[in-house]
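Q: So you can see what is in the structure, the chains are spelled out below.
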Amino acid sequence: QQPVQSPQAVILREGEDAVINCSSSKALYSVHWYRQKHGEAPVFLMILLKGGEQKGHEKISASFNEKKQQSSLYLTASQLSYSGTYFCGTERNQGGKLIFGQGTELSVKP
Amino acid sequence: SAVISQKPSRDICQRGTSLTIQCQVDSQVTMMFWYRQQPGQSLTLIATANQGSEATYESGFVIDKFPISRPNLTFSTLTVSNMSPEDSSIYLCIGMNTEAFFGQGTRLTVV
Chain A
1 QQPVQSPQAV ILREGEDAVI NCSSSKALYS VHWYRQKHGE APVFLMILLK GGEQKGHEKI
61 SASFNEKKQQ SSLYLTASQL SYSGTYFCGT ERNQGGKLIF GQGTELSVKP
Chain B
1 SAVISQKPSR DICQRGTSLT IQCQVDSQVT MMFWYRQQPG QSLTLIATAN QGSEATYESG
61 FVIDKFPISR PNLTFSTLTV SNMSPEDSSI YLCIGMNTEA FFGQGTRLTV V
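Line by line, the protein sequences give chains A and B. First residue of the first sequence? That's 1 in this note's numbering, and the numbers climb one at a time after it. First residue of the second sequence? That's 1 in this note's numbering, and the numbers climb one at a time after it.
Same shape as in the complex, but just chain A (with noise of 0.2 Å):
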């Protein structure tokens, strides 16, 4: 069962920021957070594990609500170096696989 990501894309200025979504229908075991630019394979960002944990990562940090099966990517303050798109995967079973929520297309404006 993929998980659901939204929004699908967004545009943002410089400094602005974002609020990435992905839900699960299924309990979960983590929620992993990859960032792909064009023509190149994803990038581990973080991950979380049932617990509801948050995570930060220079000016991105990501929180997951076990109850709700729902994790949220945050970037703030935007960079230009931010886009591409961003990808939640979800793990039902700790070891288990991953499968990747259908993505959200970021583009950072000057």
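Selected chain A positions facing chain B (in silico; Cβ < 7 Å):
| # | residue |
| --- | --- |
| 1 | Ala-41 |
| 2 | Pro-42 |
| 3 | Lys-97 |
| 4 | Leu-98 |
| 5 | Gly-103 |
If you are wondering where the hints come from, they were derived from the structure by calculation, not from laboratory data. Every residue, glycine too, gets a C-beta built ideally from N, C-alpha and C.
Position chain B relative to chain A; hints supplied.
A: Here is chain B on its own, set in the frame of chain A:
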């Protein structure tokens, strides 16, 4: 972190032929997976490569079409068999312990 070398990076193949993609990890990983990604689309899981045993395929993917090997914890191959233009896509190898590490991908065009 792990570094994954995937080859070939791209190929153009004739329909009806087969292509084997190799994935080498520089350290042991617990899990290895093969995904397919159409341009502008998400990553679709083909199968989990199990060390020393048959791969576990997702719905819509079968062993005869996509045979997979994983002889040890650092190496796996995916073969795309009897190719048709519909198989044109990017194929990605992933190694995973906690986080996932991606190969550079193989861009396959079937003509």
